[in-house]
Amino acid sequence: MLRDERTRELVHQLKYGRAIHLAAELGRLAAEAFSDERLRPALLARWPLVPVPLHRSRLQHRNFNQASEIARVVAKLTGLPVLTALKRIRRTDTQALLGRKERLHNLHGAFALTRAGRRHLASAASGGVILIDDVLTTGSTVEACAATLRRAGCQTVLVVTVMRG
329 MLRDERTREL VHQLKYGRAI HLAAELGRLA AEAFSDERLR PALLARWPLV
379 PVPLHRSRLQ HRNFNQASEI ARVVAKLTGL PVLTALKRIR RTDTQALLGR
429 KERLHNLHGA FALTRAGRRH LASAASGGVI LIDDVLTTGS TVEACAATLR
479 RAGCQTVLVV TVMRG
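Read in order, the letters of the sequence shown correspond to residues 329 to 493 in the working numbering.
Worth flagging that the hints you see were computed from the coordinates, not collected in a lab. There may be inaccurate statements among the hints.
Stated by the list, open to error - Pairwise CB distance ranges (calculated):
1) E353 - A450: 33 to 41 Å
2) K404 - K429: 34 to 42 Å
3) L372 - T422: 33 to 41 Å
4) L405 - T484: 29 to 37 Å
5) S385 - G455: 29 to 37 Å
6) P369 - G481: 13 to 21 Å
7) R384 - I348: 15 to 23 Å
8) H349 - P369: 27 to 35 Å
9) R418 - R443: 13 to 21 Å
10) R447 - A347: 32 to 40 Å
11) P369 - Y344: 34 to 42 Å
12) G407 - R366: 13 to 21 Å
13) H433 - S385: 15 to 23 Å
14) S385 - S363: 35 to 43 Å
No experiment lies behind these values; they were computed from the predicted model shown. Just so you know, even glycine gets a beta-carbon here, dropped at the ideal spot from N, CA and C.
Input sequences plus hints: build the corresponding full structure.
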């Protein structure tokens, strides 16, 4: 995870320019995190990749979820499964111009488990999941997602992003 103007431009082109082909390069960048020894237990245990979800209205506008597209590439490169464990149940304001406190308030109650997420967590005796997102700025989005997963019994939530914003 790094902050680099070229990577930032690629993320913006993917999200706002709808340049979906860039997900392949961004996914390769995210997959580099798996060379870190701290992720070895997750690789060995085949923890699922859980993309941060978009609200259906934003998904309809954009026509794709950048986190899902990045997760799909990471899955190919690591052999880990992708699990759509979360859904965004409340439309939220764009986070880009908000501070940390406002972001946390904006995301309160925004996420819930999907049926697949409930099934996975009910069947998983231990272990965890790996949240996938494009950018980590304040951490409020992944924090809200992780809280939802932990409330449902997930023991460990790791986070992998393309870059730090």
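Verification of the hints:
1. At roughly 36 Å, the beta-carbon separation of E353 and A450 lies within the given 33 to 41 Å, and the hint holds.
2. Taking 34 to 42 Å as the suggested C-beta distance range, the pair K404 and K429 conforms, at roughly 38 Å.
3. Separation of L372 from T422 is about 38 Å and conforms to the stated range, judged on CB atoms against 33 to 41 Å.
4. For L405 and T484, the hinted distance range of 29 to 37 Å is not satisfied, since their beta carbons lie about 21 Å from each other.
5. One distance hint, 29 to 37 Å for the beta-carbon pair S385 and G455, holds here, with the actual separation near 33 Å.
6. The hinted window of 13 to 21 Å between P369 and G481 holds, with their beta carbons roughly 18 Å apart.
7. As the Cβ distance of R384 to I348 is approximately 18 Å, the hint placing it in 15 to 23 Å holds.
8. Hint check: H349 to P369, Cβ distance near 33 Å, so the stated range 27 to 35 Å holds.
9. As the Cβ distance of R418 to R443 is approximately 18 Å, the hint placing it in 13 to 21 Å holds.
10. The beta-carbon spacing between R447 and A347, approximately 34 Å, falls within the hinted interval of 32 to 40 Å.
11. Here the CB-CB span from P369 to Y344 is close to 36 Å, well matched to the stated 34 to 42 Å.
12. Taking 13 to 21 Å as the suggested C-beta distance range, the pair G407 and R366 conforms, at roughly 18 Å.
13. A hinted range of 15 to 23 Å holds for the C-beta pair H433 and S385, which are about 20 Å apart.
14. For S385 and S363, the hinted distance range of 35 to 43 Å is satisfied, since their beta carbons lie about 37 Å from each other.
Hint compliance for this structure: hint 4 alone is broken.
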